[in-house]
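Undergrad: Position chain V with the ligands relative to chain A; hints supplied.
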Amino acid sequence: MSQSFHFSSGQRRTLRAMTHVACPPDVAALGCEERIASEVELALGSFPPIMRFGVVASLVIFEWFAVVVPASFGRRFSALPRAGQDRYFAACWHHRWVLVRQAMKGIKGLIAMAYYELPEVKERLGYRPEPWIAQVKAMRLEKFGDEIRKHAQLVTAPDVLVPATSLSRRSNDVTAS
Amino acid sequence: MSPHPERLFTRADWTGDRTLDCDVVVIGSGAGGAVTAAELAESGLDVILLEEGGYNPTETFKPEALRAARTLYRDGGGTVSIGNPAIAYQEGCTVGGSTAINGGMSWRTPERILERWYREDGLDDILPRDMDARFQRVEKRISARHQDPSTIGRDNQLLKAGADKKGWEVIDNIRNQVHCVGSNTCAFGCPTGAKQSTLVTYVPRALAFGARLYADCRVDKLIVERGHVRGVTGRVKRDDGGPSHRFTVRARAVVSSAGAMHTPALLLRSGIRSPSGRLGHNLSMHPNVKVIAQFDDPVEGWKGVHQAYQVREFQDEGFLFAAVNLPPSVLAMGTPMYGAAMADLLENYNNVLTAGMLLEDSVVGRVRLGPGGQPLPFYQMSDFDALRLVRGTALLCDLLFAAGARRIVLPFEGVADLYSPDDVRRLFARPIPKSAMEVVTVHLMGTAAMGGDPQRHVCDPYGKVRGYEGLWVADASLFPSPIGVNPMETIMALATRNAERMLETGAGSKQQ
Ligand SMILES: Cc1cc2nc3c(=O)[nH]c(=O)nc-3n(C[C@H](O)[C@H](O)[C@H](O)COP(=O)(O)OP(=O)(O)OC[C@H]3O[C@@H](n4cnc5c(N)ncnc54)[C@H](O)[C@@H]3O)c2cc1C
Ligand code: SF4
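Residue numbers (the working numbering), protein chains in the order written: chain A, 1 to 177; chain V, 1001 to 1512.
If we strip away everything but chain A, and leave its shape as in the complex, we get (with noise of 0.2 angstroms):
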C-alpha cells in the first residue's frame, strides 16, 4: 500500500542523472530514466516515513555537497560532465563514513531494482517468468488436479481440536499467572 508521494522537478533531475552512473551503460539508449524515477517514486510511497525522508534528504545532498567539491567548480552532480559525475558518484560510494556509504547504496540499489524490473532488460537477461509460470501452472492443474482438490476439502473439513467433552470438564487447576 503506497502514499502517494512525487519528487520535486530537482530531486528527479538528480535522480535520472544518477541512473546514469548507477545503471549498466544501456540507460540513456534504452530512454528508461523518466520510467526509473517513477518506480523510485512508488516503492518510496510505500517506505516508513522516516526511510522515505533519509532516501530524498540523500538525494538533495547528494546533489549540492557537490557544489563544494573543488574539481566541480561549483556545480551540482547533475550538471556535471559525465565523467565528472562518474568520479563524485564513486568518491560518495567509497566514503570514509558509513553513513554515506550506506546512503549511496540505499539510492543505488532501489535505482538499480527499478533498472532490472524493465521487460526489455529481463528479456535481454533470458529472464521471462511469465510464460514458465504459466507452462507450469497448467502442467499442474492437469496432473495433478484429483489431488490438489481433495486437499481443498480437508482444508475445511471438521477436525475439532479440544473436543466438547473435554471444554465442559474446564478445570479450575490451570492457574492464570
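Among the hints, erroneous ones may be present.
Stated by the list, open to error - Straight-line distance between alpha carbons at most 30 angstroms, and here's what the computed DSS-like set of lysine-lysine pairs gives:
1) Lys143/A to Lys1140/V
2) Lys105/A to Lys1062/V
3) Lys122/A to Lys150/A
4) Lys137/A to Lys1510/V
5) Lys1221/V to Lys1510/V
These are computed hints drawn from the structure, not numbers from a lab.
TA: Using the frame of chain A, we list chain V with the ligands on its own:
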C-alpha cells in the same frame, strides 16, 4: 478471479465508523493468528480476525518484485534495524501475513531447542513427544512434504553436488506445498496456489467455521480497563495507506499475532507494562548473508523450486546453507557494485547461483517504540557472530567452488571477488568490519517470550500476557530463544498448543 470469500471484508465494505462484538479478536492473519483463529472458531467461539494488509488472492500474484514489495510487504520492504551492521528485515503485510510471501520451508522445532525450552525456560508440555501430535496436525493442514523430484532446478542440484563432494550432510527440504511446480517466485506470493500459506489454508478454514476476517484494518490500541483487556480500536486503511473509518472491536479475549516487531509495539503503545520489564527485549533475527556464484554453464535458478535442499552439516555451529534464487532486480539491489561492474555480473544472470547462509544468533536485540508508535528495532551483532558469519560464508564458498563455481561475489563491501578455493582463505587475512556486511533477515523472534519465570518471560508458559486478564500472544514473539531453523511451523504448532489451553481455560467463552 475466485469469488470474494464469505465473511471476508475489505475497505470497500466500510461506509462509516463501527463497533463490533465477538468472543475473541485475533490481530494478524499470519502463521500465529490464522491458526489461532481457525482452531478457536472451529471450537465454537465467535472470532474476528483483523488484518492490516489487503486481501490479495492467488490470482493477483505476479513475478514483479517492486509491485510485490508495495502490495504484500510491510512498508514496501524498506525496514531496517538500527545497529552495526544495519540489518534489512522483511515482514508480510497482507492476508496470510509473512506466510504468503515466505519460502515454504516447514520444519519442526529441533529437539534440542524444545528440550532447552523445557529445561531452561520452564515450558511444560513442550518436549518432542508432547508436540508431536500438534506438528502432525499442522503438517496435515499445510501439506508439509518433500518436493516432487522433477521440480528441482539446476541451482539446487549444484548446491547438493557441492555438498556431496565435500561429504557434508544435505537434506531434502520439507515445504508446505501441494505439487509445487517450481516457479520460484514464492517471495512474491505463489502464483500457482501450490504453496499452502495461511492465505489458502488456515484463513479459509477459520472463515468456514464462522470467523469474520476484516482486511485493511490496522489495530492502533488495545482497550485496557483496570488490568483487563476488553478489545481493540483501530482504523481502516485507505488504498493509499492513510487512515479512514474508525473501528472498535469488543471481545472477551484478545490475541496479538502481529509478529515479533508489531506485537511488542502494539502492546507498548497500549500502555501494557510487563512485570518482567522485558516486553520488546530478546529479539533474535537469524542474520542471513547471500553470495553470488557464477558458473560456466547455465543455471537458470528461476526454473525450479525455491530451496529444495538445506545443508545441515554445520547446524551445531548454527549455520544453514541453501540455494535461494533471486530475480535480477533483487539481486542487483543487494550487490555491492554499480554501473558497468554490476552489468557485467547481471548480464550472466542465467549463469549465477545465489546461495544463502543463515546464522543462529548468540545475542539479542530489542524493539522499542519509535515515532508514531511504530516499532524501532535495535540489534547489535556481536563480534563473535560477525566472525561466525565470515566462517559460515567461507564454508559456503568452499561448497560452491566444489560445485564448479568460477567466481563468487561476496556480501562484504570492499572484499574482492573470489576466483578459487585458495582465495577463500583470504577472507580471514584481515578482519571484515561489521559495517561492510550486507546482512538481511526474514526471521524475527522472541520479543514477548513465554516461559515459567515471571522475571524473564513476558507471557506465561501458554502465551497469556502476565499481569493482564484477557490478553494472549500467538506469534513468533513467543520464542524464548532462536531456533536455528525456519520458524513458521514452530509458530503454528505453538499457536495450536496455546489455543488448546485457551479453550481449556475458557478464554473468550461466555462462562469465563
Ligand atoms: C520473505 C520471507 C521468507 C520466509 N521464508 C520462510 C520459510 O521458508 N520458512 C519458514 O518457516 N519461515 C519463513 N519466513 C518466516 C515466517 O514466514 C515468519 O516467521 C512467520 O510467518 C511469522 O509469523 P507471525 O505470526 O509471527 O507473523 P506474520 O506471519 O508476519 O503475521 C503478522 C500479521 O500481522 C499483521 N499485523 C501487524 N500489525 C498489525 C496491526 N496493528 N493490526 C492488524 N494487523 C497487523 C501483519 O500485517 C501480518 O499480516 C519467511 C519470512 C519472509 C518475510
Ligand atoms: S516454487 Fe513456485 S509453485 Fe512452488 S511454492 Fe514457490 S511460488 Fe509456488
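Undergrad: All the hints need checking, so say for each whether the structure fits it.
TA: Comparing the hints with the structure gives:
With a C-alpha separation of about 21 angstroms, the suggested pairing of Lys143/A with Lys1140/V holds against the 30 angstroms cut-off. Between Lys105/A and Lys1062/V the alpha-carbon distance is near 27 angstroms, which keeps this suggested pair within the 30 angstroms criterion. The hinted pair formed by Lys122/A and Lys150/A fails the criterion: a straight-line CA distance of about 37 angstroms is larger than 30 angstroms. A threshold of 30 angstroms between alpha carbons decides the hint, and for Lys137/A with Lys1510/V the separation of about 47 angstroms lies outside it, so the pair is violated.
Proximity of Lys1221/V to Lys1510/V is assessed by CA-CA distance (about 23 angstroms); at most 30 angstroms being required, the pair is judged to hold.
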